[in-house]
Amino acid sequence: MKKLLQVLAMAITITIITVPSAFSVDFSGKTIEWIIPFDVGGGSDVWARLYSPFLHKYLRGNPVVAIKNMPGGGSITGGNHFASRARPDGLTAFGSSGSTLFPYLLENPRVKYDFAKYPIVFASPVGGMAYINPKFGVKSVSGLKGFKKQLAYASQGATSLDIVPLLAFDVLGLNVKAIFGYKGRGPGRVAFEQGEVTIDYQTSPAYIKNVRPLVKQGQAVPLLSWGMTDKDGNMVRDPEEPELPSLLEAYEIMYGRKPRGPAWNAWKAFFIAGFAAQKAMWLPEKTPDDIVAAYVKAAEKTVADKEFQKVAKASLGGYTQMVGPAARKTFSQVLQVPKKDREWLINWLKTKYDVTIK
Amino acid sequence: MELFFQTLAVVLSPSHFVMLIAGVLMGLAIGILPGLGGITGMTILLPVIYGMEVHSAFALLIGMVAVIPTSDTFPSVMMGIPGSSASQATILDGYPLAKKGEAARALGAAFTASLIGGLFGAAVLTAIIPIARPIVLLFASPELFMLALLGISMVGVLSGQQPIKGFIAAGIGLMLGALGDAPAVPEYRYAFGIDYLMDGVPLVIVGLGLFAVPEITDLLIKGRSISRVATLGKGWLDGVKDTLSHKFIVLRCSIIGVIVGFLPGLGGSVVDWIAYGHVVQTTKDRENFGKGDIRGVIAPESANNAKEGGGLIPTFLFGIPGSGSMAVFLGGLLILGIEPGPAMVGEHVDLIYTAIWSLALANIFGAGISIFLSKPITRLTLIPFSYLAPFMVLIITFASYQASRNWGDLFALLLMGLLGWIMKQYGWPRPAALIGFVLSDNLETYLFISVQRYGFGWMVRPGVIALALIILVSVAMGVFYQKKKPSDSREKYEKILS
Chain W
1 MKKLLQVLAM
11 AITITIITVP
21 SAFSVDFSGK
31 TIEWIIPFDV
41 GGGSDVWARL
51 YSPFLHKYLR
61 GNPVVAIKNM
71 PGGGSITGGN
81 HFASRARPDG
91 LTAFGSSGST
101 LFPYLLENPR
111 VKYDFAKYPI
121 VFASPVGGMA
131 YINPKFGVKS
141 VSGLKGFKKQ
151 LAYASQGATS
161 LDIVPLLAFD
171 VLGLNVKAIF
181 GYKGRGPGRV
191 AFEQGEVTID
201 YQTSPAYIKN
211 VRPLVKQGQA
221 VPLLSWGMTD
231 KDGNMVRDPE
241 EPELPSLLEA
251 YEIMYGRKPR
261 GPAWNAWKAF
271 FIAGFAAQKA
281 MWLPEKTPDD
291 IVAAYVKAAE
301 KTVADKEFQK
311 VAKASLGGYT
321 QMVGPAARKT
331 FSQVLQVPKK
341 DREWLINWLK
351 TKYDVTIK
Chain H
359 MELFFQTLAV
369 VLSPSHFVML
379 IAGVLMGLAI
389 GILPGLGGIT
399 GMTILLPVIY
409 GMEVHSAFAL
419 LIGMVAVIPT
429 SDTFPSVMMG
439 IPGSSASQAT
449 ILDGYPLAKK
459 GEAARALGAA
469 FTASLIGGLF
479 GAAVLTAIIP
489 IARPIVLLFA
499 SPELFMLALL
509 GISMVGVLSG
519 QQPIKGFIAA
529 GIGLMLGALG
539 DAPAVPEYRY
549 AFGIDYLMDG
559 VPLVIVGLGL
569 FAVPEITDLL
579 IKGRSISRVA
589 TLGKGWLDGV
599 KDTLSHKFIV
609 LRCSIIGVIV
619 GFLPGLGGSV
629 VDWIAYGHVV
639 QTTKDRENFG
649 KGDIRGVIAP
659 ESANNAKEGG
669 GLIPTFLFGI
679 PGSGSMAVFL
689 GGLLILGIEP
699 GPAMVGEHVD
709 LIYTAIWSLA
719 LANIFGAGIS
729 IFLSKPITRL
739 TLIPFSYLAP
749 FMVLIITFAS
759 YQASRNWGDL
769 FALLLMGLLG
779 WIMKQYGWPR
789 PAALIGFVLS
799 DNLETYLFIS
809 VQRYGFGWMV
819 RPGVIALALI
829 ILVSVAMGVF
839 YQKKKPSDSR
849 EKYEKILS
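Residue numbers (the numbering used here), protein chains in the order written: chain W, 1 to 358; chain H, 359 to 856.
Just so you know, the hints here were simulated from the structure itself, not pulled from any lab data. Take these hints with a grain of salt, some might be off.
For each label pair, taking beta carbons as the anchor points, the in silico distance ranges come out as [unchecked claim]:
id, chain 1, residue 1, chain 2, residue 2, range
1, W, Gly-173, H, Leu-366, 31 to 37 Å
2, H, Met-817, W, Ser-332, 49 to 55 Å
3, W, Gly-173, H, Arg-763, 43 to 49 Å
4, W, Glu-243, H, Arg-819, 36 to 42 Å
5, H, Gly-695, W, Val-215, 21 to 27 Å
6, H, Ala-367, W, Ala-314, 23 to 29 Å
7, H, Leu-366, W, Val-64, 55 to 61 Å
8, W, Ala-116, H, Phe-756, 36 to 42 Å
No residue lacks a Cβ here, since even glycine has one placed at the ideal position from N, Cα and C.
Please model the complete structure; the sequences and the hints are all you need to start from.
Below, the structure is given as structure tokens:
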């Protein structure tokens with residue numbers, strides 16, 4: 001009992017120390033510029049516009065949260081702008097996506113931003129589900145054991161978010177030929193329906209709306225989801241499609257053991273960067289702690305808001321939005337990828353797709 | 359069916375109707391401003407629709423996008439400057455008509471054609487939605503490549519008697535289009551480490567550079583007003599009659615508009631050229647094209663409004679945009695919590711009906727308001743151009759800067775303007791260059807995918823063979839009619855064309 005009281009006392013003390021500082025930051029009459037390195041109407045833009053009215057509501061002083069779209073260079077342009085121009089006064093924030101993180105992880109020399117240095121406010125996960133053309137007679141993942149036929153996958157490019165599906169197919173030992181040049185997942189799905197490609201994946205919201213009807217009509221066979229990380233960083237089934245095995249389980253079904261080695265490690269890091277923490281809000285380097293705390297507080301209130309939960313479920317899927325320390329913890333798995341695993345991946349891109357990062 | 363008319367009542371209810379009219383007025387304004395098009399309009403409206411009731415938001419967005427190809431005719435006809443990428447081809451005959459003092463007639467014909475085309479598009483959308491999926495699925499990458507090729511084959515007929523110059527100009531356009539990130543490999547072409555060039559040159563800038571800058575420059579050098587005659591000739595009623603008497607051109611070009619809009623990946627910015635090329639190819643007495651033939655106005659204008667109806671089909675059914683403005687519209691749907699897809703026809707059929715009614719009503723109001731405005735606006739052609747020029751320069755500079763909001767936009771406009779002016783001086787067909795530019799990405803991407811996926815087998819697909827025959831027939835028709843014509847009138851035609 002005494003111990004419990006001590007803990008309580010400590011918790012109260014900590015709250016007293018930290019909370020007032022969060023409340024001392026007042027944004028009255030200010031405009032916050034939230035840089036989104038993509039065009040209006042894109043996935044990141046929609047995501048930011050879902051959040052911005054709630055941040056306006058919950059940041060003290062109700063600042064205007066203006067989305068500044070800064071498309072170009074596959075989101076590197078906007079990222080570099082943030083890195084070189086944003087001041088740590090809490091009036092500029094940045095919204096990253098998997099496409100912003102990948103060139104950073106691949107050590108693209110054009111990248112001038114460094115996520116290891118920025119405070120993270122919150123991160124939003126998204127899942128992915130893979131499915132196959134029914135003409136092969138494969139009914140589930142176990143049907144892929146010893147499956148040697150060549151499959152075709154509609155890809156946007158080997159250094160794009162497609163690293164995750166392509167590497168997943170590789171981990172499973174599938175013979176998949178990537179066909180490059182498609183403009184996104186939407187055209188990829190149409191190519192699947194046309195029979196132009198035979199294996200495909202969609203992010204969870206698109207999968208639920210567009211692929212489930214195909215499954216019902218017998219035009220697609222679902223295989224697996226990429227999975228999702230739980231709060232301790234373990235890979236679990238995707239809560240949006242819990243009947244499907246995750247990639248981890250799929251590997252166990254096919255090979256009877258857990259996956260390991262550089263391919264799996266690299267896959268997991270890129271999966272977290274591209275899916276489990278796909279979109280994240282950042283503040284500039286050296287932003288004072290009280291400002292960061294104010295943002296985190298506003299994000300916490302947003303995530304708890306009933307109205308937000310309703311719109312978020314429709315557009316982002318029913319995943320838990322990660323705020324503050326939770327987002328940092330998940331993200332640290334991306335930053336802590338051993339150099340040798342990253343080098344393995346860069347080499348894999350070189351040998352398999354003849355791509356050199358430059 | 360009952361629901362269909364119930365939706366009309368919803369759209370006509372005051373709260374929705376106000377939104378529709380607001381959208382129409384905004385669309386008309388954006389259309390009139392050169393260089394700004396549907397993408398800009400959608401970008402401005404998207405933040406507004408957050409939290410709005412879905413049907414009202416639809417009325418607003420669709421009302422706006424539906425009338426841009428109506429009012430964008432004003433700058434195309436009056437000043438020879440594309441009002442948006444959808445009416446670039448209208449310049450070829452609309453502008454010469456304005457020079458002859460017949461701007462009102464050209465506008466009257468254009469708005470009537472726009473109205474009929476727009477209504478046709480809405481009607482086709484109504485009829486085809488239940489059966490559209492399999493049709494869209496027929497067009498895989500090889501077929502889309504052939505369609506882009508069909509677009510390029512129009513270059514011949516648009517280049518008059520010097521097809522060689524036309525093909526070289528188209529080649530310049532293709533090369534310009536290849537600038538920036540390559541479609542299928544992670545490489546940058548001709549970027550020289552400059553960030554701006556990594557995304558290529560925006561279409562708006564190429565269009566304004568090639569057409570607007572040379573026109574403004576030349577008018578200033580000559581120091582006169584746009585119209586060569588001091589009084590305005592025939593009125594807009596004559597234009598309406600013109601359009602009605604060419605009803606088959608309107609019908610054919612509306613069909614072209616719907617098909618081009620309907621096919622995802624082809625992009626809406628070629629539809630006016632394809633319609634224009636089509637009408638020139640299929641007409642026997644072509645001497646007047648490029649000198650102010652009213653048919654050259656009717657064709658692109660009926661096609662570009664019909665396109666919007668077609669463009670909604672892939673957006674709703676597949677969640678993939680049929681054009682740039684539809685891409686932003688798609689983002690709007692997501693903001694409203696609607697994920698388009700096959701379920702759309704079942705779950706949200708009321709929304710599709712709202713879209714159809716909004717499209718139809720917006721076209722009616724858009725055309726009506728434009729006709730009403732045309733009388734005062736046509737008087738602008740009588741004003742000495744030196745008074746208008748500063749305003750025009752400001753507008754096109756502003757429009758160019760909207761493309762990517764980078765100072766590089768202004769630099770690119772200057773260079774493109776120089777290129778356009780040189781081409782104009784030396785009689786090189788600028789339309790050919792623009793078509794090459796617009797189609798370059800499609801041609802490359804779909805060829806690349808076709809070869810990766812099918813090897814050489816893509817060439818023997820039935821759809822590809824059918825489209826190849828259409829291309830052959832269309833080129834042959836162009837050549838056939840061309841021979842029958844006296845050559846001196848062709849020269850004049852070229853002069854104005856280039």
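Status of each hint after checking the structure:
1. Gly-173(W) x Leu-366(H): 31 to 37 Å: violated, 57 Å
2. Met-817(H) x Ser-332(W): 49 to 55 Å: holds, 52 Å
3. Gly-173(W) x Arg-763(H): 43 to 49 Å: holds, 47 Å
4. Glu-243(W) x Arg-819(H): 36 to 42 Å: Holds, since Glu-243(W) and Arg-819(H) (Cβ atoms, about 37 Å apart) stay within the stated range.
5. Gly-695(H) x Val-215(W): 21 to 27 Å: Holds, since Gly-695(H) and Val-215(W) (Cβ atoms, about 23 Å apart) stay within the stated range.
6. Ala-367(H) x Ala-314(W): 23 to 29 Å: holds, 27 Å
7. Leu-366(H) x Val-64(W): 55 to 61 Å: violated, 38 Å
8. Ala-116(W) x Phe-756(H): 36 to 42 Å: Cβ of Ala-116(W) to Cβ of Phe-756(H): about 40 Å, so the range 36 to 42 Å holds.
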